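K.L.:
Given next are the chains, with one letter for each unit.
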Amino acid sequence: MSVPFYVPPEQLTKEKAEFARKGIARGRPLIVLEYTGGILFVAENPSTHLHKVAELYDRIAFAAVGRFSEFENLRQAGVRLADIRGYAYGREDVTSRSIANAYSQTLGQIFVQEFKPYEVELCVAEVGIDGAPNAMYHIVFDGNVFDRKGFLAMGGQSDELNTELQRGYDENMELDAALQLAMRVLRQAAPAGETGARLEVAVLERDRPRRSFRRLSQEDVQSRAGEPAS
Amino acid sequence: MRNPFEGPKLFSPSFVDALRAYAPELLETRASGAGAVPEVPHGTTVAAVRFADGVAMGGDRRATEGMSIAQRDIEKVFPADDFSAVAIAGAAGPAIEMVRLFQTELEHYEKIEGFPLSLEGKANKLGQMVRSNLPLAMQGLVVVPLFCGYDARRQAGRIFRYDVTGGRWEDADFHATGSGGRDARGSLKKRWRADIDGDAAVEILVEALYDAADEDAATGGPDLVRGIFPVVATVTAQGYRRVPDDDLRKAAERLVAARQEGS
Chain H
1 MSVPFYVPPE QLTKEKAEFA RKGIARGRPL IVLEYTGGIL FVAENPSTHL
51 HKVAELYDRI AFAAVGRFSE FENLRQAGVR LADIRGYAYG REDVTSRSIA
101 NAYSQTLGQI FVQEFKPYEV ELCVAEVGID GAPNAMYHIV FDGNVFDRKG
151 FLAMGGQSDE LNTELQRGYD ENMELDAALQ LAMRVLRQAA PAGETGARLE
201 VAVLERDRPR RSFRRLSQED VQSRAGEPAS
Chain D
1 MRNPFEGPKL FSPSFVDALR AYAPELLETR ASGAGAVPEV PHGTTVAAVR
51 FADGVAMGGD RRATEGMSIA QRDIEKVFPA DDFSAVAIAG AAGPAIEMVR
101 LFQTELEHYE KIEGFPLSLE GKANKLGQMV RSNLPLAMQG LVVVPLFCGY
151 DARRQAGRIF RYDVTGGRWE DADFHATGSG GRDARGSLKK RWRADIDGDA
201 AVEILVEALY DAADEDAATG GPDLVRGIFP VVATVTAQGY RRVPDDDLRK
251 AAERLVAARQ EGS
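Here the protein sequences line up with chains H and D, keeping their order. First residue of the first sequence: 1, per this note's numbering; consecutive thereafter. First residue of the second sequence: 1, per this note's numbering; consecutive thereafter.
By construction, these hints were calculated from the structure, which means they are not laboratory data. Bear in mind the structure is a predicted one, so any value in this text is a computation, not a measurement. For every residue, glycine included, the Cβ atom is placed at its ideal position computed from N, Cα and C. One or more of the hints may lead you astray.
[Claimed, not checked] Going by beta-carbon spacing under 8 Å, a handful of chain H positions derived as facing chain D:
hint, residue
1, Leu81
2, Ala102
3, Thr106
[Stated by the list, open to error] Just so you have them, the derived chain D footprint on chain H, three or more residues with Cβ under 8 Å:
hint, segment
4, 17 to 28
5, 86 to 93
[Stated by the list, open to error] If you only want the chain D side, here are some residues facing chain H, beta carbon under 10 Å, derived:
hint, residue
6, Pro4
7, Pro8
8, Lys9
9, Leu10
10, Pro13
11, Phe15
12, Ala23
13, Leu101
14, Lys111
15, Val225
Work out the full structure: start from the sequences and follow the hints.
P.N.:
Here you go:
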């Protein structure tokens with residue numbers, strides 16, 4: 001009778017985490033930034049149709065880095081959860097906290113039980129209304145959740161990007177200034193010869209009634225970025 | 001409600017399918033037991049007309065319960081999404097629930113797929129919902145919607161009507177349904193022209209609803225005393241827009257003045 005090799009749980013967890021981290025670090029980065037009028041999402045994404053940033057509900061958006069098939073699956077489940085909740089109860093009863101919690105539980109379970117952990121990192125962000133503060137939840141591959149304030153970079157070179165964002169971030173930034181900061185930071189971190197990556201840009205706008213998620217066109221991004229920094 | 005993150009994977013952009021998979025109790029429409037359903041509020045007349053740049057849709061404000069008035073200011077015209085509108089006639093409870101399900105369905109599809117359904121697709125989806133209401137309709141809770149929207153590909157407004165079985169027909173110019181629908185259609189037939197603009201479309205809709213209220217006891221006319229006017233909305237390339245009450249008050253007052261002169 002063959003006896004399976006015993007692998008201590010510490011080592012197993014460590015190796016799974018190592019594997020997930022490596023996979024995520026290979027991907028292109030994504031930045032989430034709070035500005036005065038809402039929340040900005042900027043992702044390097046060569047595709048025009050396979051989005052990394054998307055709408056979950058009226059005031060809540062989803063952003064992800066890593067393996068597309070894995071986070072797309074999670075995004076669709078999040079949309080279903082939000083829409084069923086909103087339909088069963090009321091629109092204001094759908095919160096980023098409960099969605100972030102569902103993601104955390106799911107990723108945690110997959111990390112422990114599955115042979116291969118998901119190679120994804122997620123951000124669930126909610127823009128506040130009537131003076132309420134925004135919420136930004138950063139959910140990593142093992143189900144850990146971090147409550148973020150101001151800015152967040154995920155994906156490849158996220159440590160360098162977060163340091164750079166820390167240096168340039170100012171909570172009184174308007175949209176254009178926030179976009180310029182995000183673009184500058186992404187460009188600095190890009191490997192030589194890859195500075196012209198296509199950007200996927202979207203915002204959650206505080207003053208937009210009901211569904212506050214909006215994508216910015218490439219022309220809009222260029223014209224906003226072209227203006228002198230305020 | 002089951003957890004959408006677990007269980008078999010769902011390959012459908014439809015919200016109704018998601019409900020069936022994860023929260024089937026929210027879809028139950030079958031009335032239990034035999035016998036007639038007790039008296040419930042009914043919405044009455046709704047109408048839609050096509051004009052040069054889009055469509056306009058309107059409904060009176062009365063709900064009746066048998067011979068009495070259940071509500072004076074009920075709303076029967078709703079935005080289905082940014083580029084379409086739906087109006088309902090029939091049993092108010094199931095009808096308003098159907099509108100809510102339809103609105104969520106369109107938004108859900110758009111979020112899952114990343115782009116909205118075609119106008120044709122929206123019209124078909126509504127037909128399926130009407131059909132699934134058939135068991136309730138057999139017990140007297142009939143829901144008959146009217147659907148219209150701006151078709152971006154054809155660059156024109158389009159109107160769809162339904163019957164109780166979910167049958168769907170497109171109307172080229174205008175249509176009205178509900179208890180006063182026949183009278184409203186008669187009025188629209190005389191006043192509709194192919195080249196009318198949005199303002200004129202709103203005007204003839206207000207007049208058609210007035211004529212329906214004139215003939216049909218279950219349809220409410222403009223209530224100048226309480227300040228209750230029909231709900232009228234337009235859908236064009238710029239999207240759904242509800243006509244402000246002030247404009248409708250003026251339209252109603254002009255109409256009443258013209259009728260007084262004529263008599």
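K.L.:
Now, for every hint given, state plainly whether the structure supports it.
P.N.:
Hint-by-hint comparison with the structure:
For Leu81/H, the suggested interface contact is upheld, since its CB lies about 5 Å from the closest CB of chain D, less than 8 Å. Interface restraint check: Ala102/H against chain D, minimum CB-CB distance 6 Å, threshold 8 Å, status holds. Interface restraint check: Thr106/H against chain D, minimum CB-CB distance 4 Å, threshold 8 Å, status holds. Counting residues of the segment 17 to 28 of chain H whose C-beta lies closer than 8 Å to any C-beta of chain D gives 0; at least three are required, and the coverage claim is violated.
Requiring three or more residues with a Cβ within less than 8 Å of a Cβ of chain D, the coverage given for the segment 86 to 93 of chain H holds, as 3 such residues are present. Hint on Pro4/D holds. Least Cβ distance to chain H is approximately 4 Å, under the 10 Å limit. Proximity of Pro8/D to chain H is violated relative to the hint, the smallest CB-CB distance being about 12 Å (cut-off 10 Å). A hinted interface residue such as Lys9/D counts as satisfied when its beta carbon comes closer than 10 Å to some beta carbon of chain H; here the least separation is about 8 Å, so the hint holds.
The beta carbon of Leu10/D is positioned within 10 Å of a beta carbon in chain H (closest approach about 7 Å), and the interface hint is therefore held. The criterion of a C-beta within 10 Å of any C-beta in chain H is met by Pro13/D, whose closest approach is roughly 9 Å, and the hint holds. Taking 10 Å as the C-beta contact cut-off toward chain H, the hint placing Phe15/D at the interface holds, the least distance being around 6 Å. Evaluation of the Ala23/D hint against chain H yields a held restraint, the C-beta minimum of about 5 Å falling below 10 Å.
For Leu101/D, the suggested interface contact is upheld, since its CB lies about 7 Å from the closest CB of chain H, less than 10 Å. For Lys111/D, the suggested interface contact is upheld, since its CB lies about 5 Å from the closest CB of chain H, less than 10 Å. A distance limit of 10 Å between C-beta atoms decides the matter here; for Val225/D the minimum to chain H is near 32 Å, and the interface restraint is violated.
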